[in-house]
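**Q** Here is what each chain is made of, one letter per residue.
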Amino acid sequence: MRAAGGNHLKENKLSIQRFWGYRDILVTAIFILALILLFTAFYLFAFVLIFLFCLILVLLFRKKSLKLLFIPITVLFLLSAGMNQAFSALVDTSQELVFHSQESIKTYLIPNSGIEVLPDEVQQVIHLAGKNHLKSFSLSEKFRQDETLYQRVSESVWPKRIYDQSLYKMILKEELIHYAGCSLIDEDQKVLLINCD
Amino acid sequence: MTEILLFFATVLLGVIEISGLGGLFFWLLFNTGKKRNAHPYDWIDLFPEMLLTGLIINYGLTLAVNKITVSLPILMILGTIGFALFLREWFKTWQSGHQCIKFKMNQVFIIASLIIILIPIMLLPLREWDARSIWFFHAKMIYSANSIGVNAGWLEPQIAFSHPDYPNLIPALAAQITTLFGFWNEYLPKLSLFFVFFPIPFMLFRYKHHLVNFIFLTLIMLLPANALLWSGYMDGYFAIYFAFSILFFSRFIISLKEVDLISFAVCLIFLLYLKNEGMLTLICGVLLVVVYLFTFKRPLRDLKIFTRFPFISFMAGLLFPIIYWSGLKASWNLQNDLQLGSFESIKLFIERLQDGTLRLLLKQAFFQICFALMALLVILLFVQIKKIYIPKQFFLVLLFPFLYALGIISVYLLTPYDIVWHLTTSISRTFLAVNYGFWIAGYILIENGLNWSGTEEL
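Order-wise, the sequence lines are chains A and B.
Numbering-wise, the numbering used here comes out as the position in the first sequence, counting from 1, plus 16.
Numbering-wise, the numbering used here comes out as the position in the second sequence, counting from 1, plus 7.
Think of the hints as simulated: they come from the structure by calculation, not from any bench.
All C-beta atoms, glycine included, are put in the ideal place defined by N, C-alpha and C.
Heads up, a few of these hints could be off.
[What the hints assert, rightly or not] A few chain A residues that face chain B, going by a derived Cβ cut-off under 8 Å, partial list only: (1) Ile89; (2) Pro127; (3) Gly130; (4) Glu171.
Next up, chain B with everything else stripped away, as it sits in the complex:
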């Protein structure tokens, strides 16, 4: 009984600390200074974004302080202050009549989905390759050394197979959890996955306008990742937050609300901290914004949303940990094993374009996304026959997974490893995000169709 209580107390403490860190960051940026309360939205509505921001801030402060046992109390104090501020603001908005978190079925769905994911996270030990050899091995290194710096052993030749240059948000969080409990095993560090999953049900509930549509969105968001949600691989969460960034960007194009832009930015930047592929999604996301600015021809006043001081500070805060980690890696001369951009990689790229490797790659890639593409075509055909207006943002959001797929294909052409081996062991996971992107494009078409009243939008 004591163990069960201790376990749930840890989960609760983690949620409070992480959401509190994010809440403190939001409060400082959007609720203080001369323009206090001048914003047209309640930042409390951004609870899932607060959680993601809290995870990033947690990682950033751990990097800056370096020692886990020193950073943990600091983070807990800041998290508690932030959570208290969040409760105060929530109470004020609740008193004013604004229902920022609706109850009844929302709670049932959210609690049920959290429990369903927590069970296999708790009960299945670390078994899969990436989980054991990369993410949670890094966590073990950080936990053993009580440090996320070079003392953790990133430069040791023994662990070169473990991709020591990968981002360490999840490993740092797992190390903090095991430090709190005081021991290591093959179950406990996986609790970090629960905190990464936590925002997802809340984000899904933003799209509960039509029941059938909502069920469809929930299925396409959670089912393709299936066991990746608890096995310790990051690819499932990467794909889900990639899909959410597409959804929020699509929403931002119509609403032009800062809250949607923040949601898009948080999801996109969070990908940087899950896998190195996050850099590719960031480049694709920036390209997408550039294409959007040129094709949608918004008036200048709408563009000011990108240049407001709180938003810029927010972005800087979210990007600080990855920039700091990149600086540390450069100082340690810790490089990625793929050696992208080197002379050898470019030479390989040119050779593979000519020797039939590209055809093999496209064949494998097509096999991964064929069902999603088919579904998209079926939906497109249906909306054409029904003469439903196809929104401009559909083409823009279709561009995102397409650009990302091009990037992944380019990386495969550049890889120094045997291409057949590399494809066999990874393409189903690396193309999962592309899959998600096409399913989400289909969802956007259906949602637009259900909302379409027979007139074109302005």
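With the rest of the complex left out, here is chain A:
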């Protein structure tokens, strides 16, 4: 434990000794290793510039309060946090709540609301499956080949199931030519419901 007062020279000697204690050596070694990594790693130039900027600030402020360290740290933090999209989402949603509060809350409490974020094809599959009271259906090859469409349909229509053996099939309009032997049950703008009995 370092002496709290006492001889001035002795205190300086103690502080110099403590500066080169084992932890300080470890920290300095980490620092040098990190510098070596920075100079030999991959996206260097911009990061080295930023690092040098922060280093200069630290050396300029070394005699000042520790609180001034927050300036370079905050710069680094804001560079890394990527706040733009999140901030604009907060602003947009707050504006919507303030100016359209009744409608916003009501939308929140309407069954099956919010599907407008889905691709048109998925929305139309949901619509056709609901309108025709289907409990299960299959999907055409084009739906299956598009992983996003397949997953969005699977999760959106649940608890309706997608069964390959089902006679009811959802196809895209351009695929109709491949299902000439099936009968058309219902249709929407981009999607057809057919029966291949």
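Fit chain B to the given chain A structure using the hints.
**A** Here is chain B on its own, set in the frame of chain A:
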């Protein structure tokens, strides 16, 4: 107007039920029996931990009962009893003069942050992949089947893309909310995210000693996660509670108080219920405790804190749901798609160590954490120049994100998927916790620097 009132009534009911469940658990463990009131702290101070414990207990009881419509009334009754006990204990401590929850600016900050997060949660529908295809799809499955068991459809080949083996705390909570309202849409289930966010402002207020430091901590805790807090991804909350576990462990090393150990344990175990990566953080956390016991050489009397019956029972209670869920998965033969530990995965691991994949991985990983590392180096340099004492716990808490990063890198080397695809789609989220860990290590250095009086600690 009716809809608005109904909505806020649901939020209030949820907070009462969840905190009440946690409060009941705390009361049973720490406030009954021969050693009633023998503890040197008020467990009411652990309000955020009560909330997290309540979420875990809620999930555990739902798993055990299986049916949502049966478990909900039971949970509400238990939650109400627990909340009544909590109010009674809070009133007693308030009367005795102990200020366990300070008012004035605390309330303003907490209420403001809760409202700011609630708005996008309410108004933005489920859009992102993980949210739609994993967490809230699982919620829809549970809601549709009114069951969290195999009837929900975990074994159906149609939903194999949805990672059905993932933990279901959030999906179960979302299913309960939609069951209460009686319908499904793309907004309502997201209310579950609000209950996961709820403890965070309370935990942040434990660190309000210096205003500048507190603002810095709030920024580094909330900003990096940004839209992940309301989009439906779990990675943001995972990273935040990972960071809190580091903070509370750092505090425990100095204080040796059971309350800090409980905070650390709750945050660490809660991660198990958010993502499968929680298993990795638990392993890292246990390793950290082992390293701490060996390097800090505490006297034996301090180690007894780990072996007290209420603490062990507490841990057992928190771990019961995940153990039960793992047992159910084993009985259904529901496996993780990564197939870690299989012969093929080990073969891939060895190949990737030699074919340049490791270099690509390290490059991507470095890119994710470079700013946090730079900040840490700048702070380290500053404290060296100022000759500020660097506490031992700094090195220990630095070990936590480092071990976790090693674990994540190992998982990427083992993945059966195309590594480039896997990195592109996930590394910014999986390394978010590592990022948080380094920012928190920097915060600990700064806080120590501001508190340092020029003498070494004992």
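**Q** Does glycine 130 of chain A hold up as a contact with chain B if the rule is Cβ-Cβ below 8 Å?
**A** holds, 3 Å
**Q** With a cut-off of 8 Å on the beta carbons, see whether proline 127 of chain A makes it to chain B.
**A** OK, holds: proline 127 of chain A within 8 Å of chain B, min 4 Å.
**Q** So, as I understand it, the hint says isoleucine 89 of chain A touches chain B; can you test that by seeing if any CB pair is closer than 8 Å?
**A** Where the cut-off is 8 Å and the nearest Cβ of chain B is about 5 Å from isoleucine 89 of chain A, the hint holds.
**Q** A closest beta-carbon separation below 8 Å is what the hint needs, so does glutamate 171 of chain A meet it against chain B?
**A** holds, 4 Å
In this structure, every one of the numbered hints holds.
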